[in-house]
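There are 2 protein chains.
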Amino acid sequence: MKIDVIPYASAIRPDLIKNRNVVVIDVLRASSVMVTALANGANAFIPVSTVDEARQKVVMLRDEETLLCGERDTKTIDGFHLGNSPQKYTRDKVECKTLIFTTSNGTPAMNQLQEATEVFIGSFLNMKALVHRFLELEDVVLVCSGTNNNFSMDDAMCAALFIDEIMNKKAVLLSDLSITLLKAFQKESGNLPLLLKDCYHLNLLKRNGFGEDVDYCLQKNISNIVPEMKNGKIIRG
Amino acid sequence: MKIDVIPYASAIRPDLIKNRNVVVIDVLRASSVMVTALANGANAFIPVSTVDEARQKVVMLRDEETLLCGERDTKTIDGFHLGNSPQKYTRDKVECKTLIFTTSNGTPAMNQLQEATEVFIGSFLNMKALVHRFLELEDVVLVCSGTNNNFSMDDAMCAALFIDEIMNKKAVLLSDLSITLLKAFQKESGNLPLLLKDCYHLNLLKRNGFGEDVDYCLQKNISNIVPEMKNGKIIRG
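These protein sequence lines map, in sequence, to chains F and A. Residue 178 in our numbering sits at position 178 of the first sequence; the count goes up by one each step and never skips. Residue 139 in our numbering sits at position 139 of the second sequence; the count goes up by one each step and never skips.
Mixed in with the good hints there might be a few duds.
Identical copies look the same in the list; a pair holds intra-copy or inter-copy alike.
[Said to hold, decoys possible] Taking lysine to any residue and the SDA-like style, the derived pairs with C-alpha atoms no more than 25 Å apart in a straight line are:
{"no.": "1", "residue 1": "Lys128", "residue 2": "Asn191"}
{"no.": "2", "residue 1": "Lys169", "residue 2": "Lys187"}
{"no.": "3", "residue 1": "Lys197", "residue 2": "Glu165"}
{"no.": "4", "residue 1": "Lys128", "residue 2": "Glu165"}
{"no.": "5", "residue 1": "Lys197", "residue 2": "Arg91"}
{"no.": "6", "residue 1": "Lys169", "residue 2": "His81"}
{"no.": "7", "residue 1": "Lys170", "residue 2": "Lys233"}
{"no.": "8", "residue 1": "Lys128", "residue 2": "Leu204"}
{"no.": "9", "residue 1": "Lys169", "residue 2": "Glu188"}
{"no.": "10", "residue 1": "Lys170", "residue 2": "Lys187"}
{"no.": "11", "residue 1": "Lys18", "residue 2": "Lys93"}
{"no.": "12", "residue 1": "Lys2", "residue 2": "Lys187"}
{"no.": "13", "residue 1": "Lys206", "residue 2": "Leu174"}
{"no.": "14", "residue 1": "Lys2", "residue 2": "Leu194"}
{"no.": "15", "residue 1": "Lys187", "residue 2": "Glu95"}
Rather than coming from a laboratory, the hints here were simulated on the basis of the structure.
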């Protein structure tokens with residue numbers, strides 16, 4: 001299985017993802033929100049790039065039950081129903097709802113993947129299920145969303161965990177970046193708190209009062225949901 | 001000291017390098033060629049992006065003693081005096097010459113750095129001297145040239161060696177990518193043949209008959225030259 005990694009959203013190029021199976025990783029916190037909300041019965045996410053686009057989408061979808069969700073600068077957007085804290089996406093709030101979703105890093109990545117074969121959403125929460133889904137597939141491009149168009153260790157170490165796990169199950173062909181992330185991950189024996197101790201984005205969230213979100217998002221394998229993108233929507237796979 | 005890393009040439013953005021001290025790293029082989037040729041008495045390199053540009057430059061500089069140097073697809077360009085094999089840049093060939101130089105990965109990186117404060121050239125060959133040069137400087141952006149617009153482990157592990165060495169000498173503030181490269185490097189205790197065993201670019205060079213170049217370029221600290229870019233030329237620092 002051929003494994004490539006794109007280090008952050010702005011490094012996505014059409015030639016890197018065309019006809020490839022893609023996993024979008026935004027551990028803190030868009031991927032973790034999606035896995036959680038879909039597990040709690042949400043119908044679908046519609047990822048959009050801007051706040052204005054989100055508000056227009058609500059009007060266009062006035063026949064559906066929608067919620068406006070997302071963040072800017074880590075915080076809930078004015079007038080939106082939900083921010084980017086996965087634990088707030090409870091069943092009583094999201095069941096049977098369509099979630100219009102815009103985040104700083106994850107959703108811009110998701111809207112550049114039209115030429116991919118399949119697009120999945122990856123996080124620590126659903127890693128085991130994600131790896132299982134790829135046992136039957138022959139290639140993958142792991143797209144780390146990153147932070148502010150730069151490399152972010154939370155996403156990179158999630159990509160590394162995917163590589164570490166799938167290597168135990170099938171033969172792989174690793175790109176240079178895949179090898180490098182895997183070595184970094186293995187240096188600390190996959191100990192996430194140690195690996196991510198100095199991660200910029202993680203520490204920013206903690207400083208902004210989202211330490212509980214961080215702890216939640218770093219849990220491994222608490223969900224079997226593998227979200228997939230179909231026709232511009234993220235749905236339960 | 002603040003340390004950032006740019007993972008490959010096409011990821012250079014003006015905001016990442018403006019008013020920063022930059023080290024361009026193209027281990028295999030442009031950086032290693034520059035260190036070697038300047039040590040052997042070459043006057044300067046003029047990095048250009050295209051083969052046509054190189055040929056035009058020779059005409060413009062007809063009053064100087066110039067050589068056309070560089071590679072495409074790892075090989076010497078038709079009609080050029082020298083390719084990209086550092087050991088061919090001997091004193092008898094390059095002394096007092098101005099070298100017009102175009103390579104696939106290194107020179108495009110060098111021509112995007114106009115807004116940097118200072119630009120240096122880094123390689124394994126001159127690492128100790130390079131680190132010494134930065135003892136008095138307060139920040140650095142390590143620009144890995146990469147291969148074909150993708151991440152390449154040879155450059156990344158050279159960046160990691162820089163970080164590993166300078167951390168022993170002064171306090172550092174590391175970006176997420178800096179931390180990741182350092183952990184990967186330390187996973188194999190800095191053992192380059194082991195770290196780079198599966199590096200795509202290194203193996204491509206070996207397959208194309210440049211195994212000796214690879215061995216040469218992976219030697220540490222055989223030169224005290226720290227090339228610098230001044231007014232579009234690379235000269236002995």
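Against the structure, the hints come out as follows:
| no. | hint | in the structure |
| --- | --- | --- |
| 1 | Lys128 - Asn191 | within (17 Å within a copy, 32 Å between copies) |
| 2 | Lys169 - Lys187 | both (21 Å within a copy, 23 Å between copies) |
| 3 | Lys197 - Glu165 | both (22 Å within a copy, 21 Å between copies) |
| 4 | Lys128 - Glu165 | within (8 Å within a copy, 38 Å between copies) |
| 5 | Lys197 - Arg91 | neither (32 Å within a copy, 49 Å between copies) |
| 6 | Lys169 - His81 | neither (41 Å within a copy, 50 Å between copies) |
| 7 | Lys170 - Lys233 | neither (30 Å within a copy, 49 Å between copies) |
| 8 | Lys128 - Leu204 | neither (28 Å within a copy, 35 Å between copies) |
| 9 | Lys169 - Glu188 | both (22 Å within a copy, 24 Å between copies) |
| 10 | Lys170 - Lys187 | both (22 Å within a copy, 23 Å between copies) |
| 11 | Lys18 - Lys93 | neither (36 Å within a copy, 46 Å between copies) |
| 12 | Lys2 - Lys187 | both (23 Å within a copy, 23 Å between copies) |
| 13 | Lys206 - Leu174 | between (33 Å within a copy, 18 Å between copies) |
| 14 | Lys2 - Leu194 | between (29 Å within a copy, 21 Å between copies) |
| 15 | Lys187 - Glu95 | neither (41 Å within a copy, 45 Å between copies) |
Of the numbered hints listed earlier, those contradicted by the structure are 5, 6, 7, 8, 11 and 15.
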